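Dock chain to chain to rebuild the complex, using the hints, since each chain is given by itself in its own frame.
Residue numbers (our numbering), protein chains in the order written: chain W, 1 to 112; chain G, 1 to 112.
It cannot be assumed that every hint is accurate.
Computed list of chain G residues with no C-beta within reach of chain W, every gap over 12 Å [as the list claims (entries may be wrong)]: (1) Ser12; (2) Val13; (3) Asn22; (4) Thr24; (5) Gly29; (6) Asn53; (7) Gln64; (8) Lys67; (9) Ala68; (10) Tyr71; (11) Ser73; (12) Ser84; (13) Thr111; (14) Leu112.
From chain G, some residues computed to sit far from chain W (all C-beta separations above 10 Å) [as the list claims (entries may be wrong)]: (15) Ile18; (16) Thr101; (17) Gly103; (18) Thr104.
If we take Cβ atoms under 8 Å as the criterion, some of the chain G residues that face chain W in the derived model are [claimed, not checked]: (19) Tyr39; (20) Pro44; (21) Thr94; (22) Ala97; (23) Lys99; (24) Leu100.
By construction, these hints were calculated from the structure, which means they are not laboratory data.
Keep in mind the model is a prediction, meaning the values are calculated, not measured.
Glycine residues also receive a C-beta, built at the ideal position from the N, C-alpha and C atoms.
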Amino acid sequence: EAGVTQSPTHLIKTRGQQATLRCSPISGHTSVYWYQQALGLGLQFLLWYDEGEERNRGNFPPRFSGRQFPNYSSELNVNALELEDSALYLCASSLQLNYEQYFGPGTRLTVT
Amino acid sequence: QKEVEQNSGPLSVPEGAIASLNCTYSDRGSQSFFWYRQYSGKSPELIMSIYSNGDKEDGRFTAQLNKASQYVSLLIRDSQPSDSATYLCAVKGTGTASKLTFGTGTRLQVTL
Chain W
1 EAGVTQSPTH
11 LIKTRGQQAT
21 LRCSPISGHT
31 SVYWYQQALG
41 LGLQFLLWYD
51 EGEERNRGNF
61 PPRFSGRQFP
71 NYSSELNVNA
81 LELEDSALYL
91 CASSLQLNYE
101 QYFGPGTRLT
111 VT
Chain G
1 QKEVEQNSGP
11 LSVPEGAIAS
21 LNCTYSDRGS
31 QSFFWYRQYS
41 GKSPELIMSI
51 YSNGDKEDGR
61 FTAQLNKASQ
71 YVSLLIRDSQ
81 PSDSATYLCA
91 VKGTGTASKL
101 TFGTGTRLQV
111 TL
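Chain G extracted, bound-state conformation (with noise of 0.2 Å):
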């Protein structure tokens, strides 16, 4: 099982339409979650931290951690073209020097 899981895609929505991204993990005691967003060709962006269980909203991003299933997920509001990236969840396991791990990343496309 790998440490952290997401669905590669593409995920493909609608201008307009939520999009739902995904993402597993497998240490049970991580305590910090993050979502990044990558551009072809370009460095990952930190969008969002979440660190307790339950939503947190950003404009038009919403982070969902939910510890006892071990699922954090990430929701884009009002999809635009613009969000076309690949977006990448990274875990930070458990104790004070342990690294930040993150998945393959899903590739999300926004259609017009």
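In isolation and in its complexed conformation, chain W is listed as follows (with noise of 0.2 Å):
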């Protein structure tokens, strides 16, 4: 069985430029969570989406958004970028109301 899987590994931005990321779930998995490691830091909850809706979001600023297609996959959007953005973004699926999420290899974003 496919794992998560994410796109593009790595991502070089320069500050003020905008950012996409993508996730696809594992096949069956309608729930997708993101989140931000940032080096020396633990992981901090940005968005959960559910069966194309959010479901809960966490104290990221608006710039930060997302959406859930049809298909379960989901993509982050990260506008106006800033040096501080500059971090590992992880995306997490699970089973609807199952809560054991498993995570993709991340996508490293930095920018400049």
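What follows is the structure, encoded as structure tokens:
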């Protein structure tokens, strides 16, 4: 069974630009979660989508947004990039109402 | 008080010994608890989930939960050098739509 996939692996952007990160969940999983892991910091919850709806949102500014598509894949958009947005962005998926989350390999975003 | 607290370590144990990792949480209504292992530069990997008070064993791993004292622990028996990693405790808050909150992790070093 294929795991969670994310693309791209690495992304380099300049300050002020927009970044789009993509995630495909494990087959059969309807919930997708996004996390930010900055160097030396813990996993910070960003967004949770289930069945195309946003279920919960972490304490991040509105320039962090996303969506979930009918095939349950998801994308995370970060507008007006700032230097401190440089981090590993992790996507996880789970069965609906099953809270065991399985992570993808992550996208390393570098903002210069 | 942090929502989920872990000792950052490093916790150093000799090969073959038992490693004991601890985690405390603040939300008394939490019902779901997870342990993840994260190797340096990699994404977190789910190793244990526990929902009821008591012990849950899976191979060399035992998760222990005490809801009255609001702590959850992970024991690793016969520790191996390959167990050297950061172990993340995650707690799901009260309510169906509540998020998973991660501790900052305990770094485990298994020495030869």
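Task: Index of numbered hints that the structure contradicts, given in increasing order - done: Hints 16, 17, 18, 19 and 21 are the ones this structure does not satisfy, whereas the remaining hints hold.
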